[in-house]
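**Student:** Sequence:
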Amino acid sequence: QVQLVESGGGLVQAGGSTRLSCVASGSTLISYFMGWFRQAPGKEREFVAAISWAVGRESYADSVKGRFTISRDYARNMVNLQMNNVKPEDTAVYYCAAKKGAGRYDSWGQGTQVTVSS
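Using the working numbering, the letters of the sequence shown correspond one by one to residues 526 to 643.
Rather than coming from a laboratory, the hints here were simulated on the basis of the structure. Where hints are given, some of them may not hold.
[As the list claims (entries may be wrong)] The calculated DSBU-like cross-link candidates involving lysine-lysine, where the alpha carbons are at most 30 Å apart (straight line), are:
no., residue 1, residue 2
1, Lys612, Lys568
2, Lys568, Lys625
3, Lys612, Lys624
4, Lys624, Lys568
5, Lys612, Lys590
Make the full structure from the sequences, and use the hints.
**Tutor:** So, in structure tokens, the structure goes:
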């Protein structure tokens, strides 16, 4: 497993932008998929975006497609989530996650709060 630490987020106005970062340590990431998930109050955790570390293939939930962008930074062992044109419904705790190959995500960060004001 890898250790993940998120940063960024906070309070942002609707229509604005913010950026989340996740630093990974404890393993090389060449075989990993890195993902972002979120959990709003009273709701289940849901998938937001993912990227394969080796080839950079991206995937997104329909609710964020065209507004959010996931990227990786080899030099810093970091995964970023650029959030543009945010909406109040994007308010949630955002979690960085990692998995090696197929299967479930088994490494999780502590989460970072994003609150979008209308």
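**Student:** Are the Cα positions of Lys612 and Lys590 separated by 30 Å at most?
**Tutor:** Cα-Cα ~13 Å, so holds.
**Student:** Are the Cα atoms of Lys612 and Lys624 separated by 30 Å or less?
**Tutor:** holds (29 Å)
**Student:** Assess, step by step, whether the Cα of Lys624 is no farther than 30 Å from the Cα of Lys568, and give holds or violated.
**Tutor:** Holds. Lys624 to Lys568 sits at ~23 Å (cutoff 30 Å).
**Student:** Would the hint linking Lys612 and Lys568 be met if the CA-CA limit is 30 Å?
**Tutor:** Given that 30 Å is the threshold and the Cα spacing comes to 17 Å, the pair holds.
**Student:** Are the Cα atoms of Lys568 and Lys625 separated by 30 Å or less?
**Tutor:** Status holds; Cα separation ~27 Å.
Consistency with the previously given hints is maintained throughout, with no hint failing.
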